[in-house]
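**Student:** Single-letter residue listing:
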Amino acid sequence: GENVEQHPSTLSVQEGDSAVIKCTYSDSASNYFPWYKQELGKRPQLIIDIRSNVGEKKDQRIAVTLNKTAKHFSLHITETQPEDSAVYFCAATGYSSASKIIFGSGTRLSIRP
Amino acid sequence: KAGVTQTPRYLIKTRGQQVTLSCSPISGHRSVSWYQQTPGQGLQFLFEYFSETQRNKGNFPGRFSGRQFSNSRSEMNVSTLELGDSALYLCASSLSGGPSYNEQFFGPGTRLTVL
Chain U
1 GENVEQHPST LSVQEGDSAV IKCTYSDSAS NYFPWYKQEL GKRPQLIIDI RSNVGEKKDQ
61 RIAVTLNKTA KHFSLHITET QPEDSAVYFC AATGYSSASK IIFGSGTRLS IRP
Chain Y
1 KAGVTQTPRY LIKTRGQQVT LSCSPISGHR SVSWYQQTPG QGLQFLFEYF SETQRNKGNF
61 PGRFSGRQFS NSRSEMNVST LELGDSALYL CASSLSGGPS YNEQFFGPGT RLTVL
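Going down the list, the protein sequences come from chains U and Y. Residue 113, in the working numbering, is where the first sequence stops; the numbers in between run on with no holes. Residue 115, in the working numbering, is where the second sequence stops; the numbers in between run on with no holes.
Hints in this document: simulated from the structure, not taken from any laboratory. Since the structure is predicted, the reported quantities are computational estimates derived from the model, not experimental observations. Don't take each hint at face value.
Said to hold, decoys possible - Here are the simulated lysine to any residue pairs, SDA-like style, with alpha carbons at most 25 Å apart: (1) Y:Lys57 - U:Gln38; (2) U:Lys42 - Y:Arg111; (3) U:Lys42 - Y:Gly40; (4) Y:Lys57 - U:Glu5; (5) U:Lys42 - U:Ser105; (6) U:Lys42 - Y:Val114.
Stated by the list, open to error - Among chain Y residues calculated to face chain U with C-beta under 8 Å, some are: (7) Gly42; (8) Leu43; (9) Phe45; (10) Glu103; (11) Gln104; (12) Gly107; (13) Pro108.
All residues carry an ideal CB built from backbone N, CA and C; glycine is no exception.
Hey, can you work out the whole structure from these sequences and the hints?
**Tutor:** As structure tokens, this is what we get:
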């Protein structure tokens, strides 16, 4: 069945350094890839998304890249700050209103001062 | 605009019982999705409702069911509770289409503990 693998499960980086989280999906029909951030005790919130007709998208310190051929997509956070500490989830879904959304298992990102 | 609300926030039940969780979407949102979140399994999609119809369903047993009312509020029911059903249940609403059409806004969740 459809699957999204997310790595690493935990990531610790020095404040100011970059963090990269990678996801691989199995369903070739997937063409929408959102990323959610969930701070401790809070609800998930969409931080960035990318559609299959785009290879890269940036929003300030956050960027997402997509390689449809390899079925890989990645989240890049530059100049990390303490408030970036959270669990990040990638997801994949089709472009139909009836498509299922499959989430990765999450990455716990910790920013060391 | 008020966010997505869920009631109750916490619930303790025993094995074999049933439970009903409620989700009120953002005003104007017609799509409501439900997710189960556990430490080991992450976020798992349960089902999505749109205009009172179940539009999509995840891989959960028939003990998990839901419905949506004409005002877009949704309920989720779990019958014959098992220990493994202990989890945070999140609902998310979006304007109209599925997850790929509009941003999903999550509620705070209902923490269910099965003893």
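**Student:** Confirm or reject each hint.
**Tutor:** We went through each hint and held it up to the structure:
Between lysine 57 (chain Y) and glutamine 38 (chain U) the CA atoms are separated by roughly 24 Å; this keeps the pair inside 25 Å, and the hint holds. Of the pairs offered as hints, the one joining lysine 42 (chain U) and arginine 111 (chain Y) holds, with about 12 Å between alpha carbons and a cut-off of 25 Å not exceeded. Distance check on the hinted pair: lysine 42 (chain U) and glycine 40 (chain Y) sit about 18 Å apart at the alpha-carbon level, within 25 Å; holds. A threshold of 25 Å between alpha carbons decides the hint, and for lysine 57 (chain Y) with glutamate 5 (chain U) the separation of about 20 Å falls inside it, so the pair holds.
Between lysine 42 (chain U) and serine 105 (chain U) the alpha-carbon distance is near 17 Å, which keeps this suggested pair within the 25 Å criterion. Distance restraint check for lysine 42 (chain U) and valine 114 (chain Y): the Cα-Cα separation of roughly 22 Å lies within the 25 Å cut-off, and the hinted pair is therefore satisfied. Restraint check, glycine 42 (chain Y) versus chain U: the minimum CB separation of about 4 Å is within 8 Å; hint holds. The restraint placing leucine 43 (chain Y) at the interface with chain U holds, with a minimum CB-CB distance near 4 Å, inside the 8 Å limit.
Taking 8 Å as the C-beta contact cut-off toward chain U, the hint placing phenylalanine 45 (chain Y) at the interface holds, the least distance being around 6 Å. Evaluation of the glutamate 103 (chain Y) hint against chain U yields a held restraint, the C-beta minimum of about 5 Å falling below 8 Å. The interface hint given for glutamine 104 (chain Y) is met, as the beta carbon of that residue sits about 7 Å from the closest beta carbon of chain U, less than 8 Å. The beta carbon of glycine 107 (chain Y) is positioned within 8 Å of a beta carbon in chain U (closest approach about 6 Å), and the interface hint is therefore held.
Proximity of proline 108 (chain Y) to chain U holds as hinted, the smallest CB-CB distance being about 5 Å (cut-off 8 Å).
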